[in-house]
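**Q** Each chain is listed here by its residues.
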Amino acid sequence: MALPAEHVRIQHEQMKTKQWRMKYMKNNAFRYACLVSALSLGVALFSIVIFISQTGFLVFKDVSWKEFFFSATWEPFEEKYGAAVFIAGTLYLTFLTLIMCTPIALAIAIFIAEMAPNWLKNIMRPMLDLLVGIPSIVYGFLGLTILIPFIRETTGTLVGDGFFAAALVLTMMVLPTVARISDDAICAVPQHLREAGYALGSTKLQVITRIVLPAARPGILTAIILGMTRAIGETMAVVMVIGNTAQFGWDLLTPTSVLTSNIVMQITNVQFDSTWNYALYMMAFLLLFISLVLIIIIRQLRPKGE
Amino acid sequence: MRESLFHSHRKAIASAIYTNRLFHMFVGMITVSTFILIIGLLYTILGKGLPKLSLDFLFTLPNELEAGGGVGPFLFNSFYVLILSLILSLPIGIGAGIFLAEYAPNNRFTEFVRTSVESLASVPSIVFGLFGYVLFVEYVGIGLTIIGAAVTLALLNLPVLARVTEEAIQAVPQDIREASLALGATKSQTILKVVLPAALNGILTGISLVACRAFGESAIIILAGGTSTSGFMWDFNLLSQGGTLPVHLWYVQSEALVPDATEIAQKSAAILVLIVLIISFTVRFPLWIQTLITKIKATPRKS
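First to last, the protein sequences are chains S and V.
So in the UniProt record's numbering, spot 208 of the first sequence is number 208, and the numbers just go up one at a time.
So in the UniProt record's numbering, spot 250 of the second sequence is number 250, and the numbers just go up one at a time.
Errors might be hidden in some of the hints.
Said to hold, decoys possible - Derived PhoX-like pairs (lysine-lysine); straight-line CA-CA distance at most 20 Å:
#1 V:K187 with S:K26
#2 S:K18 with V:K295
#3 S:K16 with V:K187
#4 S:K23 with V:K52
#5 S:K66 with S:K80
To be verified - Short derived list, chain V residues pointing at chain S, Cβ under 10 Å:
#6 P124
#7 I191
#8 A265
No lab work stands behind these hints: they were computed from the structure.
We put the beta carbon where it would ideally sit given N, CA and C, even for glycine.
Using the sequences and the hints, build the whole thing.
**A** Next comes the structure, spelled out in structure tokens:
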């Protein structure tokens, strides 16, 4: 009578081994699925870099390095592809945006992190998060319909488009991002540092400027650089208020153009196999290159082992 | 009598206290005025657009020449492209996040993955757009399509999803994992049934962030999806043109010939802001309720 029982036991054991094997297969499969998806992000980045640079570098078959980077004459119909106006424009616009945005964003971050009562914090933080999500085209639309008429009235210029309008719109867009990340950085400063400062008789201002801000400096720099990457790459908000003319606009109120706005205005009208198109891709590659360099700087800022 | 330190430094201390007070006022004023300005602007958008809004506008076809057209296909495309891009990017983005948080060994490869996630997150959207254009229009040769727009948009979503998932998972306490492993669960079971549910709040907030961004994205759509639609409502064909509402707003504002272009633009902007608000609120509302409940439960009862 022992036989069937033995038989059942063996069967049971076999089933169990099968189950175990399944379980471990699933475990491994899941691991590899995660690995593959992580890898695919790297693949995506590399294919973007390769596709864009491959097309972009074709421009140097017809245009010399010197002309592309240092000539300010952008006249595709006469085969002149000097991108200096756009490159300088992008750098200048980013610089202007930073100058306007950083003090305000820092003030907001300090206010939220150090001064606001809890209930106000709980309102302001979600609000900043919300503002990050407002579509850039809406900011551009605001600039076009409210800011530009306002600039026209106050300064008496005919057009109103230009760096000033673009920088203001970008400031408004980037502000929530920079403020929110700086706020996190300030909150991460250990409380006992502050208490030591107060115990020595410092006022709040002294504690903030001499202890908290220096301690939070890497985080705040990261916030500013992340804001920069957004400002450099922003397209639609800028395109609506910058005027889209290939000329320098140092005086802030002249219509001008930057890399992104020039790409989006012209890319749909050109043949894919033309030097013009390659030049636009080269400009996109420049944007990509700048943002990658900025990310490498951020990674260097971070303390090791984090 | 010798003066105390306080007396000899009275002026310095007084001025320190004074500047401190000034600083408080200054920072407070900047913050409050910035908030008032931004909220005022958003209010203007909603105030100008919402009162004129009608259901008709949301569902009828646009009209190229006469006033009274709607934005039906564009609104539909917006959601269609958004949902497609989320379907494509959610598994990969969350998978990558899980890998970084749970499996990633501390070596070169992980460093490489992390760097690509961060770099991908900072790639300008117009570069994604150009990539989509090269890939789908030039190499695959299907032209400007909904599927092209969705895939390119998914690339934009991926790094944010990966980062948010990683952060949410890292915030889950270690002992929950250990408890699950001690009960004999495999690592994948632990992650899927214990860690992910515990990290769900953070992941959901991240998804809402991504959804808002993808919904309002226009540079990518112009390059990979085009500026127009197939021209009729409820078109699920993946190969028809994928113009979305933000793109339409740009088009109407810059090139359209319709006499009521301004009004269409105002209404579209209002819809965009409204939908972004709705997306953020629907995700955060349950979270708020939950924190409220835990707060109420946590307060000690009087006995």
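**Q** Could you tell me which of the numbered hints above are not met by this structure, giving the numbers in increasing order?
**A** Result: hints 2, 4 break, sorted rising.
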